[in-house]
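Listed in order, the protein sequences are those of chains A and B.
What the first sequence shows, in numbering that gives the first Met the number 0, is residues 0 to 124, in sequence order.
What the second sequence shows, in numbering that gives the first Met the number 0, is residues 0 to 336, in sequence order.
The set of hints was computed from the structure by calculation and includes no laboratory data.
Note that the structure is predicted; figures quoted are calculated from it, not measured.
Wrong hints could be hidden among the right ones.
What follows is a list of derived Cβ distance ranges for each label pair [claimed, not checked]:
id	chain 1	residue 1	chain 2	residue 2	range
1	B	Arg308	A	Gly27	16 to 22 Å
2	B	Arg333	A	Ala50	18 to 24 Å
3	B	Arg163	A	Ala80	18 to 24 Å
4	B	Thr23	A	Gly27	31 to 37 Å
5	A	Gly27	B	Glu114	19 to 25 Å
6	A	Gln3	B	Thr4	51 to 57 Å
7	B	Arg30	A	Ala50	47 to 53 Å
8	A	Ile49	B	Thr175	24 to 30 Å
9	A	Glu8	B	Thr175	37 to 43 Å
10	B	Gly249	A	Leu124	26 to 32 Å
11	B	Arg312	A	Arg66	35 to 41 Å
12	B	Pro59	A	Ala6	38 to 44 Å
13	A	Leu65	B	Pro278	47 to 53 Å
Reference listing, derived: stretches of chain A covered by chain B, where coverage requires no fewer than 3 residues with Cβ under 8 Å from a Cβ of chain B [said to hold, decoys possible]:
id	region
14	9 to 18
15	53 to 59
16	81 to 92
17	114 to 123
Chain A is nowhere near these chain B residues, computed Cβ spacing over 12 Å in every case [as the list claims (entries may be wrong)]:
id	residue
18	Ile54
19	Asp99
20	Glu127
21	Arg145
22	Asn250
23	Lys260
Note that beta-carbon positions come from the ideal geometry of N, C-alpha and C, so glycine has one too.
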Amino acid sequence: MQDQPTAIELVDIVADFIRNHAMPQLQGHAAFHARVAANALDIVKRELEIAPKANAEELGRLRGLLRRDGTLDELNRELCADIERGDVTLDTPGLAEHLWQITLTKLAIDQPNYSGYTRALEESL
Amino acid sequence: MGAETNPLVAPLADAVRRGIAGATGIDNLKRLSGGASQETWAFDATTESTAIPLILRRAPGGTRTQGRSGTAAGLETEAALIQLAGAAGVAVPPVRLVLDEADGVGQGFVMDRIEGETIARKILRDAEFAEARPMLARQCGEMLARLHKIDKATLPPLRVSPARAEIEQYFQTYKTHDHPHPVFELAFRWLKDNAPPDTTELTLVHGDFRHGNLMIGPDGLRAVLDWELAHIGDPMEDLAWICVNSWRFGNIDNPVGGFGKREELFAGYEAAGGGKVDPDRAKFWEVLGTLKWGVMCTTMVMAFKAGDRSVERATIGRRSSETEIDLLRLLAPRKKG
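Just chain A, same shape as in the assembly:
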């Protein structure tokens, strides 16, 4: 167990510093890259918040789909090989739902304002 502030709180305050204190004093390319840097920290923050639970669920679904144990990386590679060979398809029970879940998780972390993501959320209501 680590001390406080939490990693999420630290990343959050650094992003806030870049946006509200550093960026206003920068111009041109430096200002642009500062904005990109703050956005990158937002990704880190959301990953710290979302990934632990989502990855555990992903691993559980992969074990079910592939009927074996392994790491996230190993099982993802095996799933990829199965899809490439055509052994696992959209007709395979659970595949489409699994792909939707991993992708919705990625977007919730990477780009939660992306039009395709917000539309997909509306469509799933």
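Guided by the hints, dock chain B onto chain A, whose structure is given.
Showing chain B alone in chain A's frame:
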């Protein structure tokens, strides 16, 4: 550093005096933001009366290159294509001068600098383009019809890349990245199972017909730029690339570049003699285009890990997931309710 200290000025001025009637020299030479495979410079040719606004496209540092990842046409080829497209009624900046070795500027060409906007967010949001926006989808269709109709016998040598070759090229790039993307695998598998037949008629294809390469004014589409990725391929490729959600910039319900409907694009295309649009093949190419952009985002990760350590380069890898959700919406849409 002022323009007068740029070693490009003297040889470029000589070339312009040689190649453009009435030119007395050059002024206002300025490097524009450009890619790694080509340099783009803005400048004016001075004359006894008004200056002529021009663009120089040349190989980086003036050297000869193979272009980006072997898929790019050379600069002489690009100049020849722009001239052919112009003659066929495609809006392009007239080519004023193709440079040769003796000019000392390197491989490249000089064309007119067309005024207008290429930045999607301005085109899609600024009031200045309000009257242009409703016309753009149809105009894009008309332009594509004209460029697809260009007689193949008149073209310079170009890469031939039908659907299966495009799939294979991006599949290899994806495998090189060596990170598992189950959604990309699903898309590659679908593409392999649904590729148009090898007998599909191929034409000249622009290869990068989207925001950034379309010069737009308040009066509509003014010029089609950047012919670097032109090749011989399925004409539906161009009609679909501009419909990829990544180029809609949030306007998801306007599939054509965020400004128009597919029906307008297709109607403009067919009215200008582009032949019957095949919506199924267009969808195939939209899936491939979406996947292509996703794979390109992962190549940025490879560039970052290889030492190109810019923040922008690093974060673009986290945009490949945008294309994964677009691919799922295309291939495995979820039912409502």
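Cross-check of the supplied hints:
Checking the proposed 16 to 22 Å range against Arg308 of chain B and Gly27 of chain A shows it holds: the Cβ atoms sit about 19 Å from each other. Between Arg333 of chain B and Ala50 of chain A the Cβ separation comes to about 23 Å, which falls inside the hinted range of 18 to 24 Å. At roughly 21 Å, the beta carbons of Arg163 of chain B and Ala80 of chain A sit within the given window of 18 to 24 Å. Distance hint for Thr23 of chain B and Gly27 of chain A: a CB-CB separation of about 34 Å, consistent with the stated range 31 to 37 Å.
The beta-carbon spacing between Gly27 of chain A and Glu114 of chain B, approximately 23 Å, falls within the hinted interval of 19 to 25 Å. For the hinted restraint 51 to 57 Å between Gln3 of chain A and Thr4 of chain B, the CB-CB distance of approximately 56 Å keeps it satisfied. For Arg30 of chain B and Ala50 of chain A, the Cβ-Cβ distance of about 42 Å falls outside the hinted range of 47 to 53 Å, so the restraint is violated. Between Ile49 of chain A and Thr175 of chain B the CB atoms are about 29 Å apart, so this pair conforms to the stated range of 24 to 30 Å.
The hinted range of 37 to 43 Å is satisfied by Glu8 of chain A and Thr175 of chain B, whose Cβ atoms lie roughly 38 Å apart. About 20 Å separates the C-beta atoms of Gly249 of chain B and Leu124 of chain A, a value inconsistent with the hinted range of 26 to 32 Å. Separation of Arg312 of chain B from Arg66 of chain A is about 40 Å and conforms to the stated range, judged on CB atoms against 35 to 41 Å. For Pro59 of chain B paired with Ala6 of chain A, a C-beta distance near 42 Å keeps the hint of 38 to 44 Å intact.
Separated by about 36 Å at the C-beta atoms, Leu65 of chain A and Pro278 of chain B break the suggested range of 47 to 53 Å. As drawn, the region 9 to 18 of chain A meets chain B at 0 residues by the rule of a beta-carbon pair under 8 Å; below three, the given contact is violated. With a cut-off of 8 Å between beta carbons, the region 53 to 59 of chain A has 0 residues touching chain B; three or more are needed, and the interface restraint is violated. A count of 5 residues in the region 81 to 92 of chain A with a Cβ less than 8 Å from any Cβ of chain B is obtained; the coverage claim is therefore met, three being the minimum.
Chain B is given as covering the region 114 to 123 of chain A, and this holds because 7 residues of the stretch bring a CB closer than 8 Å to a CB of that chain, at least three being needed. With 12 Å as the threshold on Cβ separation, the claim that Ile54 of chain B sits away from chain A holds: the shortest Cβ distance comes to roughly 22 Å. A cut-off of 12 Å between C-beta atoms confirms that Asp99 of chain B is not in contact with chain A; the least separation is 35 Å. Against chain A, the non-interface label of Glu127 of chain B holds: every CB pair exceeds 12 Å, the least being about 23 Å.
Interface exclusion of Arg145 of chain B from chain A stands, the closest Cβ pair being 31 Å apart, more than 12 Å. With a minimum CB-CB distance of about 8 Å to chain A, Asn250 of chain B fails to clear the 12 Å threshold, and the non-interface call is violated. With 12 Å as the threshold on Cβ separation, the claim that Lys260 of chain B sits away from chain A holds: the shortest Cβ distance comes to roughly 16 Å.
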